[in-house]
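Please construct the entire structure, taking both the sequences and the accompanying hints into account.
Protein chains: 2
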Amino acid sequence: MFYDFPQDFKAFEPVPGFLVRVVSGERLMLSHVTLAPHSETPLHRHSEEQMGIMLDGEFEMTIGDETRFLKKGDMYLVPANTMHGGITHNEHALILDAFSPPRETYR
Amino acid sequence: MFYDFPQDFKAFEPVPGFLVRVVSGERLMLSHVTLAPHSETPLHRHSEEQMGIMLDGEFEMTIGDETRFLKKGDMYLVPANTMHGGITHNEHALILDAFSPPRETYR
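Protein chains in written order, with numbering that gives the first Met the number 0: chain S, 0 to 106; chain H, 0 to 106.
Straight-line alpha carbon distances no greater than 25 Å define the calculated PhoX-like cross-link-like pairs of lysine-lysine that follow:
| no. | chain 1 | residue 1 | chain 2 | residue 2 |
| --- | --- | --- | --- | --- |
| 1 | S | 70 | H | 9 |
| 2 | H | 70 | S | 71 |
| 3 | S | 9 | H | 70 |
| 4 | H | 70 | S | 70 |
| 5 | H | 9 | S | 71 |
| 6 | S | 9 | H | 71 |
| 7 | S | 71 | H | 71 |
| 8 | S | 70 | H | 71 |
Covered stretches of chain H, as calculated for chain S (at least 3 residues, CB under 8 Å):
| no. | stretch |
| --- | --- |
| 9 | 16-27 |
| 10 | 42-52 |
| 11 | 68-75 |
Everything labelled a hint here was simulated from the structure, so no lab data went into it. Where is the CB? At the ideal position from N, CA and C, for every residue including glycine.
Pasting the structure below:
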């Protein structure tokens, strides 16, 4: 199926400046994330595996004990139960994450 | 972990003009696809579920009995064992696909 954005997506704003829009299949969830400048996804972990790509902007991301400054096209893997999070500085960030299984707290 | 592109990716060219670069976790695989203008991903199906996003360019994609002309930011779901494929016209296409489980034939 093809999705119409954003109307087919379920939207959340877990913290101000951090907007998440998700769609799910049986095994996969896509999460379209918009982060305003000077906002944060606090360090957290979950049992679902996560892989993602920077669609636009800039994001200083930490996975486990490694931190990198990400730009458009950069990709990463967050293994299950691994601490991760990040912050934006003067730029916004647009990120696409895939989760498997679909993230329970977002369904 | 953070990936360096393209050196951390396993590359394939299933048909000329159709370049695939993949990385995998335990449950997820990301597939970074570059299609030259006037090229094709022939209709096919597989047991892995697939979700994707258009990163750039244009792609005329068929999933089951539905065909759409996709542009940057468009997203879709290919349920397990569903026929799908597509073509480019005058533009190239850059696509990011997620598979779960990781696609056996790409590992």
